[in-house]
Amino acid sequence: EPEVTQTPSHQVTQMGQEVILRCVPISNHLYFYWYRQILGQKVEFLVSFYNNEISEKSEIFDDQFSVERPDGSNFTLKIRSTKLEDSAMYFCASDTGRSYEQYFGPGTRLTVT
Amino acid sequence: AQRVTQPEKLLSVFKGAPVELKCNYSYSGSPELFWYVQYSRQRLQLLLRHISRESIKGFTADLNKGETSFHLKKPFAQEEDSAMYYCALRRSGYSTLTFGKGTMLLVSP
Chain P
1 EPEVTQTPSH QVTQMGQEVI LRCVPISNHL YFYWYRQILG QKVEFLVSFY
51 NNEISEKSEI FDDQFSVERP DGSNFTLKIR STKLEDSAMY FCASDTGRSY
101 EQYFGPGTRL TVT
Chain E
1001 AQRVTQPEKL LSVFKGAPVE LKCNYSYSGS PELFWYVQYS RQRLQLLLRH
1051 ISRESIKGFT ADLNKGETSF HLKKPFAQEE DSAMYYCALR RSGYSTLTFG
1101 KGTMLLVSP
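Heads up: the protein sequence lines correspond to chains P and E, in order. The numbering used here numbers the first residue of the first sequence as 1 and each following residue consecutively. The numbering used here numbers the first residue of the second sequence as 1001 and each following residue consecutively.
Looking at chain E on its own, in the form it has when it is part of the complex (with noise of 0.2 Å):
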């Protein structure tokens, strides 16, 4: 079975400071990665997927095979970015997400 794995449920840096949200998956076949954030009071949105490699709010992400893993990364973190953050998982032929149990990043000034 798929599993994502979000080893830290916390992550406080200061404004400017860079940031690393950890994610490792595992699955046998070929999956899809996403990132999705809840700003507080807020619904869960899609902040970026693997395959479109794009940069979202200056934060990126890389998919590593070999390691797999699909850490989120900003080299400099804002007070906006405050929230919680959910590595998932699709695997391939279905539409079904699986959440890792998400990382609250506090961001202080």
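Extracted from the complex, chain P is given alone in its bound form (with noise of 0.2 Å):
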């Protein structure tokens, strides 16, 4: 059965420092998502992506993260300089956009130090 795959599964960055994660959705997939999930709090959605553009965004979404789909399969988050509080769990999703089932990957453990 195909998957959402996610890399890296655990990434240590410095504070300002740049990371990206990248995400790998379900082929036929049509909308792309970034979720976080600091320890101990809910899941939490950062933004969505449908047709090469953000068509949902949250107030944690700001100019600090972009997203893009570089390539017919990635899908990727950039935090451009990281902050402590960046520290979470990065989960990616992606749905046909018919059944809204959203398919979720194993996620990404982001530590800032």
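Stretches of chain P that chain E covers, calculated by requiring three or more beta carbons in the stretch to come under 8 Å of a beta carbon on chain E:
#1 31-43
#2 48-58
#3 94-100
#4 105-113
Ranges of calculated distance between the beta carbons of each label pair, as one might list FRET restraints:
#5 P/Arg98 to E/Lys1065: 20 to 30 Å
#6 P/His10 to E/Gln1045: 16 to 26 Å
#7 E/Lys1015 to P/Thr113: 34 to 44 Å
#8 E/Gln1002 to P/Gly72: 27 to 37 Å
#9 E/Glu1008 to P/Pro70: 37 to 47 Å
#10 P/Leu30 to E/Gln1042: 17 to 27 Å
#11 P/Ser66 to E/Phe1014: 48 to 58 Å
#12 E/Arg1003 to P/Glu101: 20 to 30 Å
#13 E/Phe1014 to P/Leu39: 26 to 36 Å
#14 E/Lys1015 to P/Thr13: 36 to 46 Å
None of these hints come from the bench; they were simulated from the model. Even for Gly, the Cβ is constructed at its ideal location relative to N, Cα and C.
Take the two lone chains and join them into the complex the hints point to.
Here is the structure:
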């Protein structure tokens, strides 16, 4: 069964550094999402992406964040200058746009020191 | 703004006991409700959604618009049901999900 994949599984970075989190959504899916979960807190929506543009974003998704689909398979989340409070598990998800059943990746744990 | 509330952080039951994981929501429109489950060291996966009205792994959930609830129930818990359960809401016209904080279900032998 096709799955959403994410790399790396764990990323450690220093405050102020740029990070890029990578996701490969399921190939026939059209909608892509990033969520994050700070330890002990709930899963929070960051951004959704459809037809090569952002379709919705949350208040969390400020100018430090950007998303891109550089080719036909990857979907990336870039954090330009990481802060300590960006430490979280970042989940990528995708869906077909018909059933709105979102398929989640295994997550990337980002640790900012 | 929409909100999903799961009042219990942890629910601990014995095998064979009934289980009810509570979920309440607030949203002015007509929502779609989901239950997602995360087993140990696995990814979040959809368990069920209210519009399909089906039973998955013995779990059912009914949307009660009057009480704005979508509680997850199972009559006889199994050890393999131990996992983190998240209730989620999709607003009409949008694709994104709003999650509750999750409830950890522990089923002991």
